[in-house]
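Number of protein chains: 2
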Amino acid sequence: MEDCPCKRKKLDDDTENSRTMSSNGEEQEIKAGSQDKEYFQSYADVGIHEEMLNDVVRTNAYRYAILKNYEKIRGKVVADVGAGTGILSVFCVQAGAKKVYAIEGSALAKQTRLVVEENKMADRITVLQGRAEDVKLPEKVDVIVSEWMGYALFYESMLPSVLHIRDRWMKKDGVILPSSASLYIAPFSDDEISERLETWSAMKEKYKVSMDCMKTYAKQCLSYGAHVRCICPEDVIAHACQLVNFDLSKVTVQEVTDIQRTFELTCFGSSVLHGFVLWFTVSFPENVILSTSPYSQSTHWGQTLFYNEEECDVRQDTQIQGTITMKPNKAKPRFLDVNIGFQIDKHNIQQKSYYMSDNIT
Amino acid sequence: MEDCPCKRKKLDDDTENSRTMSSNGEEQEIKAGSQDKEYFQSYADVGIHEEMLNDVVRTNAYRYAILKNYEKIRGKVVADVGAGTGILSVFCVQAGAKKVYAIEGSALAKQTRLVVEENKMADRITVLQGRAEDVKLPEKVDVIVSEWMGYALFYESMLPSVLHIRDRWMKKDGVILPSSASLYIAPFSDDEISERLETWSAMKEKYKVSMDCMKTYAKQCLSYGAHVRCICPEDVIAHACQLVNFDLSKVTVQEVTDIQRTFELTCFGSSVLHGFVLWFTVSFPENVILSTSPYSQSTHWGQTLFYNEEECDVRQDTQIQGTITMKPNKAKPRFLDVNIGFQIDKHNIQQKSYYMSDNIT
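Protein chains in written order, with this note's numbering: chain A, 76 to 436; chain B, 76 to 436.
Certain hints may be false.
Note that the list lumps identical chains together, so a pair holds whenever it fits in one copy or between two copies.
Said to hold, decoys possible - Calculated pairs, PhoX-like style, for lysine-lysine (alpha carbon to alpha carbon, straight line, at most 20 Å):
{"#": "1", "residue 1": "Lys-281", "residue 2": "Lys-185"}
{"#": "2", "residue 1": "Lys-427", "residue 2": "Lys-246"}
{"#": "3", "residue 1": "Lys-143", "residue 2": "Lys-421"}
{"#": "4", "residue 1": "Lys-195", "residue 2": "Lys-283"}
{"#": "5", "residue 1": "Lys-173", "residue 2": "Lys-402"}
{"#": "6", "residue 1": "Lys-325", "residue 2": "Lys-185"}
{"#": "7", "residue 1": "Lys-174", "residue 2": "Lys-147"}
{"#": "8", "residue 1": "Lys-173", "residue 2": "Lys-147"}
{"#": "9", "residue 1": "Lys-421", "residue 2": "Lys-283"}
{"#": "10", "residue 1": "Lys-143", "residue 2": "Lys-211"}
{"#": "11", "residue 1": "Lys-195", "residue 2": "Lys-427"}
{"#": "12", "residue 1": "Lys-427", "residue 2": "Lys-283"}
{"#": "13", "residue 1": "Lys-290", "residue 2": "Lys-195"}
{"#": "14", "residue 1": "Lys-151", "residue 2": "Lys-407"}
{"#": "15", "residue 1": "Lys-283", "residue 2": "Lys-173"}
{"#": "16", "residue 1": "Lys-279", "residue 2": "Lys-151"}
{"#": "17", "residue 1": "Lys-147", "residue 2": "Lys-185"}
{"#": "18", "residue 1": "Lys-294", "residue 2": "Lys-195"}
Keep in mind that the hints were calculated from the coordinates and are not lab data.
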């Protein structure tokens with residue numbers, strides 16, 4: 076848990092704040108002064124990018140994918156959606172792109188421009204500050220590249236923005252990188268949590284105060300939201316079930332914002348079921364895969380854990396049948412409402428709603 | 076940095092949300108349903124209390140202070156301001172208190188009651204849910220106990236609420252625990268930050284992308300807000316200067332919400348000054364001191380670091396003269412506006428405003 080690199084949070088805050096800043100699609104400077112406070116909000120702003128770039132699994136997957144697909148990029152026009160520091164735009168120029176439009180919604184665009192200049196690519200990369208839905212590109216693009224994935228794929232996800240650019244600005248036979256995305260679910264068992272709840276019983280010995288009643292409350296709090304961390308492969312107690320497998324050249328905004336799926340899982344052996352874990356993979360042409368599975372090297376996305384209200388015992392071949400829905404929260408579309416229902420060997424029906432917000436722990 | 080226990084954040088969020096919930100001072104149950112969502116906001120809510128209780132330096136200081144001062148508490152009436160899980164109320168009964176009024180603003184009051192019942196103290200401890208400013212106690216109190224301190228003493232501090240209870244509900248010769256609070260400032264040097272900024276230069280080797288320009292931006296972000304962590308004693312480069320030493324039986328709300336001080340520091344030897352570090356101590360009668368100094372055992376408060384815009388070299392006996400102001404932010408009174416100005420050997424004047432918000436990193 077301590078070594079888990081997953082901490083990506085509040086990624087789009089800045090983007091949200093500055094969505095109205097540039098809507099004519101022209102390259103424009105941020106007005107100094109009034110925006111400064113927003114621009115230097117906190118070290119967290121730059122920390123997120125530091126963390127994403129230091130996630131070598133993520134960044135190298137994109138790097139290899141872009142360089143390996145140089146035949147699709149060389150001499151072509153590219154849109155980089157949610158460019159951030161601009162690293163994917165630079166990779167595309169290194170792969171031979173004729174022109175890259177780096178679209179960045181937040182005030183970080185100022186930095187993106189500096190990175191472009193520092194890499195002497197100002198003639199090839201044009202930074203456009205504005206939301207993807209408003210931005211006007213000077214021409215249609217052959218390729219879209221974007222790192223849009225959030226926790227559990229869809230939390231704070233930029234995918235609808237990417238699809239908007241695809242439908243509005245990509246040529247008919249254009250290529251989208253990554254080209255597909257899959258989401259998986261598996262049941263998990265988690266000893267750490269029982270240990271952590273024991274903290275409350277330990278108060279008796281530590282301070283001569285009984286606090287067992289806090290365990291119930293702690294359990295309820297625990298199962299209210301989602302948790303992001305790197306789970307051990309041993310804690311996954313059945314083969315995962317694929318919930319979603321989207322071809323990103325075809326999927327619609329409606330399809331990615333209203334997920335309703337069923338799943339079936341068969342337990343490996345005797346264990347205690349504490350909840351369900353979600354992770355995703357995205358794939359690029361030429362067989363490059365970025366996986367956030369617990370069986371792969373850790374990324375800053377970790378895995379996303381949903382705790383059940385009650386733990387239950389399972390045995391070898393116990394069947395878990397369930398349903399899951401995932402939708403942006405109506406009031407706060409950055410956040411995600413998740414509902415998981417399941418039964419075990421056709422008994423013991425449980426249903427639970429979760430709310431994925433900035434409070435992710 | 077990894078072992079630093081300091082993570083106390085958003086402590087009063089819940090309190091803020093539920094401030095209007097109970098204003099008649101009667102013990103009242105939270106309405107189920109509508110409040111549930113607020114009540115189980117996230118594991119972070121219970122996590123904060125878990126963290127504070129697991130901070131043995133903090134909790135044992137209060138325990139020893141209360142038990143050592145049993146002569147002031149035995150047979151007396153006590154108010155516990157911001158009771159949280161109720162542990163200080165339980166300590167007071169263990170020290171012989173006749174009656175404790177546990178005032179808790181947030182919906183956690185429900186849990187406080189359960190803890191009281193579990194410890195079979197329902198006849199001695201009455202939990203009052205409501206803000207300190209609104210709550211009506213059935214009688215005046217002999218003793219006030221409260222753990223009100225925030226980062227840098229005053230961030231999200233409950234001190235004004237404690238002073239309100241003191242002025243409205245404490246008997247003339249009442250005792251307030253802790254009885255005094257001091258705030259210290261010292262200059263610090265920090266190699267870790269230079270190393271961290273090197274991350275951006277390392278991108279060249281890692282991914283063949285130059286990102287030196289991000290260092291300037293990262294530096295600016297860094298010096299925008301405050302940072303909470305446990306600093307090494309070696310990084311403190313001069314003896315600390317006491318900024319504040321409040322006698323809590325006398326200090327006024329005005330005095331604790333409008334801090335303006337000067338300070339003078341004499342450097343130990345040749346070093347690089349990166350910024351200023353703040354920490355506090357609180358004292359109880361009978362010589363019990365809770366210190367959050369870098370020279371003491373770490374607490375979850377860590378120390379609070381303010382980075383200067385520019386680093387500067389200092390030598391042995393270099394004089395640093397400065398001013399500091401600390402005031403609640405006008406728009407968001409939970410947050411703190413801090414301004415630090417200083418000159419070195421009467422040259423090199425720097426002035427910087429910081430904003431302490433939930434974005435503390």
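Using 20 Å as the alpha-carbon threshold, which applies to Lys-143 and Lys-421: within, between, both, or neither? Neither, since 48 Å and 59 Å both go past 20 Å.
Within a copy, between copies, both or neither: which one fits Lys-143 and Lys-211 at a CA-CA cutoff of 20 Å? Answer is neither; intra-copy 29 Å and inter-copy 71 Å both fail.
Could you figure out if Lys-283 and Lys-173 sit no more than 20 Å apart (CA to CA) within one copy, between two copies, both or neither? Classified as between; 19 Å across copies, 71 Å inside a copy.
Between Lys-427 and Lys-246, at a C-alpha cutoff of 20 Å, which is it: within one copy, between copies, both, or neither? So Lys-427 and Lys-246 fail the 20 Å test inside a copy (43 Å) and across (50 Å) alike.
Within a copy, between copies, both or neither: which one fits Lys-174 and Lys-147 at a CA-CA cutoff of 20 Å? Classified as within; 13 Å inside a copy, 77 Å across copies.
From the Cα coordinates, with 20 Å as the cut-off, is the pair Lys-195 and Lys-283 best called within, between, both, or neither? between (66 Å within a copy, 13 Å between copies)
Can you give me the call for Lys-195 and Lys-427, within, between, both or neither, at a CA distance of at most 20 Å? For Lys-195 and Lys-427, neither the intra-copy (53 Å) nor the inter-copy (34 Å) Cα distance is at most 20 Å.
Check Lys-151 against Lys-407 for me: Cα-Cα at most 20 Å, and say if that holds within a copy, between copies, both or neither. neither (37 Å within a copy, 50 Å between copies)
20 Å Cα cut-off: does Lys-427 pair with Lys-283 within a copy, between copies, both or neither? Answer is neither: 36 Å inside a copy and 47 Å across each miss the 20 Å cutoff.
Could you figure out if Lys-173 and Lys-402 sit no more than 20 Å apart (CA to CA) within one copy, between two copies, both or neither? neither (38 Å within a copy, 53 Å between copies)
Please work out whether the CA atoms of Lys-294 and Lys-195 approach to 20 Å or closer within one copy, between two copies, in both situations, or in neither? Intra 54 Å, inter 23 Å, cutoff 20 Å: neither.
Go through the copies and call it for Lys-173 and Lys-147: within, between, both or neither, with a Cα cutoff of 20 Å. Answer is within; shortest intra-copy Cα gap is 12 Å, inter-copy 80 Å.
The structure shown violates the earlier hints numbered 1, 2, 3, 5, 6, 9, 10, 11, 12, 14, 16, 17 and 18.
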